[in-house]
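K.L.:
Respectively, the protein sequence lines represent chains A and B. Just so you know, we're using my numbering here: the first sequence kicks off at 7 and counts up by one. Just so you know, we're using my numbering here: the second sequence kicks off at 7 and counts up by one.
These aren't lab readings, by the way, just hints derived from the structure by calculation. Here the structure is a predicted model, which is why all the values come from computation and not from measurement. Please note that a few of the clues may not be correct.
[Said to hold, decoys possible] With a cut-off of at most 27 Å between alpha-carbon atoms, the simulated DSSO-like pairs for lysine-lysine come out as follows:
(1) A:Lys284 to B:Lys347
(2) B:Lys405 to A:Lys51
(3) A:Lys347 to A:Lys284
(4) A:Lys205 to A:Lys347
(5) B:Lys347 to B:Lys284
(6) B:Lys405 to A:Lys284
(7) A:Lys51 to B:Lys284
(8) A:Lys284 to A:Lys51
(9) B:Lys284 to B:Lys51
(10) B:Lys205 to B:Lys405
Number of protein chains: 2
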Amino acid sequence: MKSSDISVAQSNAFIATFDLSPLSSGLLNGLRFAVKDTIDVAGFKTGCGNPTWRDSHPAAVVHAVCVEQLLLAGAECVGKTICDELAFSLLGENHFYGTPLNAHAPDRVPGGSSSGSASAVACGLADFALGTDTGGSTRVPASNCGTWGFRPSHDFISVAGVNPLAPSFDTVGVLAQNAGVLANVGTVLLGCASLPARKPTIIHLIREAFALADADVQQVLSEPLRRLPETLGGALRESLLEEVVNDGHRLATWADPFCVIQWAEIESCLGAWIASAKPEFGPAIAASFQLMSQLDRRRVAEAMERREQYSRSLNEFLGPYDLLCIPTTPALAPHKGDPPKRSSSGSGYYPRTLSLTSIAGMGRLPQVSLPMANVNGVPVGLSLLGRHGQDSFLLQVAKMFDRETTLI
Amino acid sequence: MKSSDISVAQSNAFIATFDLSPLSSGLLNGLRFAVKDTIDVAGFKTGCGNPTWRDSHPAAVVHAVCVEQLLLAGAECVGKTICDELAFSLLGENHFYGTPLNAHAPDRVPGGSSSGSASAVACGLADFALGTDTGGSTRVPASNCGTWGFRPSHDFISVAGVNPLAPSFDTVGVLAQNAGVLANVGTVLLGCASLPARKPTIIHLIREAFALADADVQQVLSEPLRRLPETLGGALRESLLEEVVNDGHRLATWADPFCVIQWAEIESCLGAWIASAKPEFGPAIAASFQLMSQLDRRRVAEAMERREQYSRSLNEFLGPYDLLCIPTTPALAPHKGDPPKRSSSGSGYYPRTLSLTSIAGMGRLPQVSLPMANVNGVPVGLSLLGRHGQDSFLLQVAKMFDRETTLI
């Protein structure tokens, strides 16, 4: 489906459309953006994809700080987007509000939880959109929908006015139609100077990360990988995360400590509300919360130690201009109506996807997903990660790829 | 007053006392701790120092992650402590629950917002206590009450289950009776390895920070400063933050961008609840919220840029084993019942205090306040700050001071 032909109604990306004018003029003049419905826009209820949440919370009285920054930089806000309930899914099928359209692959899920934000961008209904990303909620829908996606270094973009899920991993993410817009939006939100581009020193291809991916994903990513050195400059090197961290745990098990911390924190953030409001959830999300509530919280102590060790090891390993390169997701977007089973271990969709997305989460690293490939038209993203705090460099690297070099 | 003679009732430090046994055994075996009432303990309402907040929120169903970590490391929880309403004050005089005792200076405020946590530790009713620290809420009461205090690198201790105030600056802090306990508690919460002590490379005495302090504070800190090199090793050097950041702004004005971001984020976190619940506040806190609501949120964009620039400059300036040294507070604790006027600029108590505390806030730096001096028995703290992420090193440095070298 050509994105220019898609209407707001056909996209099913929005929970509400409106027109909020810029508050000032700046780097984002003339750009239209959409906001995930876990992020406050003044005067609206932040529904978090769940009607009980919406009805049990008052309307926002001010914009989230990140929304304010975008309006002050000249952008125009066109609406709020559908997301997975309480942002706790990677699929994008909302029991109450339906499934936002994956424009390039209409029979597949857009990915979540920032499903509507990715859909709105891929459908051409916004130049960029705000998402959130705790365990992949911006990067996965970017990969599935064929948009650019950015997860910042943890703690570098304000989360004030954004509904907390798991604060140790919560970030505000950006989805965009091209790398130039992505970089400018990132620059505004980070409050950083826009640096001149410079080539990376070393690009580490993470061997275990590619090995986790399906054969078709590995195969279509091989061509963009081959072209990386000529596009970016820098030395390409195969590296093993197991040698970087060296604690005897394989990358395929990183999802495990990640999920322990994430679930413990979700219960801390949402448990009291769930117990008192007794919300109606869709069946898939209800099952996820059920799984979460069975967590043995004594495991938090060891998981926190692993988090600290992984973050330290990765940030000592990476030079300021080094990059990691991994597939954003290990598999194509699942088909609609056929959700993969939720679990944190094994070879299923969730544990493999979370093993890849948890590299940035555990390491506090910034990550950009580039829409670099497709399997018979179904998009799949290639990701670059930088050292903690090197967001501006990473965004400038992303700009070295233009539309011509991407395959969507 | 000798701390061993003070009862729970005399301290007025606690909103509730109880006995929560350790969940396991570890580094904190045998230690008793108290928890600020902005942090969840399962089965209790988290009251945040305000009765309307308490009554409009359900009881916690699980412990905050940081509480869980302490119980798992062998510590015993003895109660929840009084704090300033919604943690939005540096004084520690609560309109509804009274003023926790400042054991060393009973006619002065304990400092806030973690007033009861500092009081409980200084009164000998807990070995250590959890506080929170957004703009000084652990460091200021540590200085006022003559305890050790630790604000971690932003984002390095989980805030899940802790009531958000201004997420870009919110941290979980620790108050402790001695540096050994402080370091062990920090090690558990950070999930980090306990490193062998090593001497700092350079200790930068920040000249403008000392110049902001009252003459009596400068005078009593001169003796511990003189002894720093022999206690710690390392080279002592006078440095100017204005040369490190070099953006034309004097340290005395750092409170300004700090408050812009803090107030904008507080409004994002609490504004909707205030508008809908119409809480009763004490007069001082009501005035603070009134001031906050008048913020021109267009100032957020520039303040965020300054924050990013300050953080980057400070962390590039500091080597991994360098320290900054400043007074924790510019003045002795104010007398009870005579609150200084709240403002973000000028030479009053708040702007001077916030200029000092905002160095860690703007820089994302870890800070330890050491109970090193007193003016006629009234405590005042000396602070050491490290590079972002160097918390473990900083805590080991603090351990080089023992009870003999402190002056409280």
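K.L.:
Now tell me, hint by hint, if it's right for this structure.
P.N.:
The hints, checked one at a time:
| no. | hint | result |
| --- | --- | --- |
| 1 | A:Lys284 to B:Lys347 | violated, 44 Å |
| 2 | B:Lys405 to A:Lys51 | violated, 49 Å |
| 3 | A:Lys347 to A:Lys284 | holds, 24 Å |
| 4 | A:Lys205 to A:Lys347 | violated, 41 Å |
| 5 | B:Lys347 to B:Lys284 | holds, 24 Å |
| 6 | B:Lys405 to A:Lys284 | violated, 48 Å |
| 7 | A:Lys51 to B:Lys284 | holds, 18 Å |
| 8 | A:Lys284 to A:Lys51 | holds, 19 Å |
| 9 | B:Lys284 to B:Lys51 | holds, 19 Å |
| 10 | B:Lys205 to B:Lys405 | holds, 11 Å |
When each numbered hint is compared with the structure, violations occur for hints 1, 2, 4 and 6.
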